[in-house]
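Trainee: Could you build the full structure based on these sequences and the hints that come with them?
2 protein chains.
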Amino acid sequence: MKNTLLAPDIRDLISANKTQDILEFCESTHPAMVAEALSGLTPKEIWEILSRVKPDIRALIFSEFDVDIQIEMANTLNRRAFASLITDMPPDDRVDLLKSIPEDQREALLPAIAQAEREDIRRLSSYAEGTAGAVMTSDYAILSEKSTAKEAIDQLRREAPDKETIYYAYVVDEGRKLIGLISLKDLILSPPSARIGDIMNREVISVRTTDDQEEAALKIQKYDLLALPVINGNDNLVGIITYDDAIDIFSEEHTEDLEKLMAIRGAHEARAYMRTSAWKHFKNRSVWVLLLAFLGLVSGYIVHNYSDLLLQVALLATFMPMLADTGGNTGSQSAALVIRALAVNEITPKDFFLVLFKEMKVAILLGLMLAVFVYARVMLFTHTSGSPAGYSVVTLGIAISAALCFQVFTATLIGATLPMIAAKLNKDPAVVASPFLTTTVDITGLLIFFSTAKYVLGF
Amino acid sequence: MKNTLLAPDIRDLISANKTQDILEFCESTHPAMVAEALSGLTPKEIWEILSRVKPDIRALIFSEFDVDIQIEMANTLNRRAFASLITDMPPDDRVDLLKSIPEDQREALLPAIAQAEREDIRRLSSYAEGTAGAVMTSDYAILSEKSTAKEAIDQLRREAPDKETIYYAYVVDEGRKLIGLISLKDLILSPPSARIGDIMNREVISVRTTDDQEEAALKIQKYDLLALPVINGNDNLVGIITYDDAIDIFSEEHTEDLEKLMAIRGAHEARAYMRTSAWKHFKNRSVWVLLLAFLGLVSGYIVHNYSDLLLQVALLATFMPMLADTGGNTGSQSAALVIRALAVNEITPKDFFLVLFKEMKVAILLGLMLAVFVYARVMLFTHTSGSPAGYSVVTLGIAISAALCFQVFTATLIGATLPMIAAKLNKDPAVVASPFLTTTVDITGLLIFFSTAKYVLGF
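Residue numbers (numbering that gives the first Met the number 0), protein chains in the order written: chain P, 0 to 458; chain V, 0 to 458.
Derived from the structure by calculation, the hints contain no laboratory data. Keep in mind that a hint or two might mislead.
Which copy? The list can't say, so a pair holds if one copy fits it or any two copies do.
[Unchecked claim] Lysine-lysine pairs mimicking DSSO-like chemistry, simulated, CA-CA at most 30 Å apart:
hint : residue 1 : residue 2
1    : Lys184    : Lys149
2    : Lys282    : Lys349
3    : Lys360    : Lys145
4    : Lys221    : Lys43
5    : Lys145    : Lys218
6    : Lys360    : Lys279
Mentor: So this is what it looks like as structure tokens:
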């Protein structure tokens, strides 16, 4: 969302040459607010302002922009200026930026960055996208178990400007193995002479670098953590994930779940709708649309095959679209509920039969309700459109009701089962997209419809 | 997710009469972990253990359970014991519990609760569900602008056990008007003699009690806040919303978006799938399923009305289900993208024409792709099923392609437009559920299909 209120003010200030006012605003306001106020300007104009802001604040404001705007700004800089900006950025944000620029540009840039930062960048970039390692930051506070509470507070005070958070500090042994956690609150409440080793919490909740980022976010949510330590295969502390990362991970995962559920491929970034070009949107959406159109032709063949039946019992054609839609609706509902329950860790693949049993009960209730509705509909109005010769209205009503009931039952169970199976196979349950489900239960529904009708009508 | 690993251990400890071990575990472990370990037991068994735990820790563990389990436990208590438990609970959690018990029981309970807590409960309960006022808590730290940094730290140290967070403290004037914010980090970094009024941040980001809870959560996300102050109509500070509330609000809103998108009514709680009975699930899902089944009959009437055309040009029936499905798929995709972009505040109703223009471009690309696919399909395979007398295969191909292209274009625009209109009218964009959309574009699609076919074929 571009800020249309503040941006013109900035333009006014620029044209009135009130540089000092702009700089004061930039340095005294929350970086996210500054970024929003500047977002109405071009990347070049933004950089003209930022270049005069204090380097540490400049890096924070710069980090608030979308990566593609960051790149546009960076492209106007010489290598040295860009390297110095990179050095000042928070470690996790600069890795995100560096991952988005071409490899040759990145390689050209690295030698201009100080060795400590360069190694940090190499290390943070080495983890696979979507893992805890790829979202963690390396700006965390470390304490020795031998320090006293007073020494620890003094140390945190000195380090505060460079750390993502000083509210949690981690205690490691000589081999950097994570052995404890202490909060600033605990430090303040403890006697100044207390030893960290005696007052720290030894049961530290952590994740491994290779764990899924969503698992890390779920732990932060479950235990109300400000930050979660990330350890490597040797139990060494290598990073932390903060609560604000968790919020962003959830936001991204929600976007992903929703887009996958609608059979949309692509990067599934949050806040990328407007930035994504129509052509890219087309590419992301078209693959499944086309595959499903192919699959949809199968329904057509079934209708085609049963055209004799449809000709003789025209009433069946009237109920056909409703039957197909209803299967899609009930199947999608149960798929969405199961996918969500899996996503928030409420259920696991082990609960397969519990879920199946619950959905069967719901399916029977839905099926019976719809059967009664359709039977009533056939009985009440069919005399007007004329019952086909040879079949009583009652028989037709029974045939259509039975087919609908069976269709709803099958569709609901397919909707609940497919995400559970995907989860069991360690696939994302949301791969079972609602459009795929709708098209599938269209096919099963038409088969059920026509074979039930044939059977009941003795065709 | 019930913990099936730890719960048996607890049972073992109970049967071995190792009460002391259980109590030690309860008092030294994170309350969320204790609640998970105990979740395999019956509410009565859980309470038997909790009743021996220290009151303040007991209240924290109790607060971690789902409200319905809390109520089961509470029902075994006498009024006095329940009132004392309520008094120890975090203010926001106890209001959630009290809102879920019958009114007469609540009214009977209140006199047994101390006046300060009773007034706090009355105040927090008074805000409408879904507003910032309804999710805030009243356990926040307040400082005077006249204090020094040292005095402020001493005060926070004294108050720490009773406050939700001491990392942010709020500064109010004599009339309780919110005038500043200071973090514990700033306090520690400031000279001990500095006056709060001189070092506090005067530009405090806040929300009003009547603002939507999602707006509060979005502010916490945008500005990476640990807590967000909530003010009333007189700018008085009345509560705070913490980052962990924001995470829960997003989780709840996402469940709600997903369920609404699938036309499921009800409470839209996160983690409520298993707890909700099959009957309740049926009630939540059946209303829209039935309404849409009614609407689906309209499609049936259209098919029925054009049965003469279908009889003469049997090929049309083969493509009919695919055309209906494809409209539903493309419409749902664009609805989901627009709903999500609105939810994360990336777009607002003001962007209506920008969104419409983008979706038109995508729709044209999708429509052309599908038209080419269908035309090729008709041209390649139709000779085998035999072209109907009087119409060339080319004419049929053009008719079906044109109808499909037009259907995809309409469906995509309907899918993008309806949520934008809902947002414009200050309704939740997710009310435009995918099943409703699918059923609607089925109807428009069939009308487009048959009228295009009639027109091109000159029927």
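Trainee: For every hint, state whether the structure bears it out.
Mentor: Right, here's what the structure says about each hint:
1. Lys184 / Lys149: Answer is both: 13 Å inside a copy and 15 Å across each meet the 30 Å cutoff.
2. Lys282 / Lys349: For Lys282 and Lys349, the Cα distance is within 30 Å only across copies (27 Å; inside one copy 36 Å).
3. Lys360 / Lys145: neither (60 Å within a copy, 65 Å between copies)
4. Lys221 / Lys43: between (43 Å within a copy, 24 Å between copies)
5. Lys145 / Lys218: The answer is within: 29 Å in one copy meets 30 Å, while 40 Å across copies does not.
6. Lys360 / Lys279: Classified as between: cross-chain Cα gap 11 Å, same-chain 42 Å, threshold 30 Å.
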